[in-house]
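Just need the whole structure built from these sequences, with the hints factored in.
In this note's numbering, the protein residues as written are 25 to 91.
Hints in this document: simulated from the structure, not taken from any laboratory.
Straight line, CA to CA, 25 Å or less: simulated SDA-like cross-link-like pairs of lysine to any residue:
no.: 1; residue 1: K54; residue 2: G39
no.: 2; residue 1: K54; residue 2: G37
no.: 3; residue 1: K85; residue 2: V29
no.: 4; residue 1: K54; residue 2: I41
no.: 5; residue 1: K50; residue 2: T62
no.: 6; residue 1: K54; residue 2: V69
no.: 7; residue 1: K54; residue 2: G65
no.: 8; residue 1: K50; residue 2: V61
no.: 9; residue 1: K85; residue 2: R75
no.: 10; residue 1: K54; residue 2: V67
no.: 11; residue 1: K85; residue 2: F71
no.: 12; residue 1: K50; residue 2: V67
no.: 13; residue 1: K85; residue 2: I32
no.: 14; residue 1: K50; residue 2: A36
no.: 15; residue 1: K50; residue 2: V69
no.: 16; residue 1: K50; residue 2: I64
no.: 17; residue 1: K50; residue 2: W60
no.: 18; residue 1: K54; residue 2: V68
no.: 19; residue 1: K50; residue 2: F66
no.: 20; residue 1: K50; residue 2: I38
no.: 21; residue 1: K54; residue 2: A43
no.: 22; residue 1: K54; residue 2: F66
no.: 23; residue 1: K85; residue 2: V74
no.: 24; residue 1: K50; residue 2: L70
no.: 25; residue 1: K50; residue 2: G37
no.: 26; residue 1: K50; residue 2: L63
no.: 27; residue 1: K85; residue 2: A31
no.: 28; residue 1: K50; residue 2: I40
no.: 29; residue 1: K54; residue 2: M44
no.: 30; residue 1: K50; residue 2: I35
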Amino acid sequence: MSIDVSAIFQIAGIGIIIAMIHTVLKQMGKEDMAHWVTLIGFVVVLFMVVRLLNDLFREIKAIFLFQ
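This is the structure we're talking about:
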């Protein structure tokens, strides 16, 4: 099992971009849109983490069940 550092950088990049968009929208007075952008960014990152956890559990299952 190799450590995939690019996934960590992708999640961090999404977080930085979402934070910048949120700040710009909030300063423009569009707080509702800023909250929606943050929520959508959270959901995207959540799906990425779920996929990574699925891969991790599949690897653990393969190791301990000798498949």
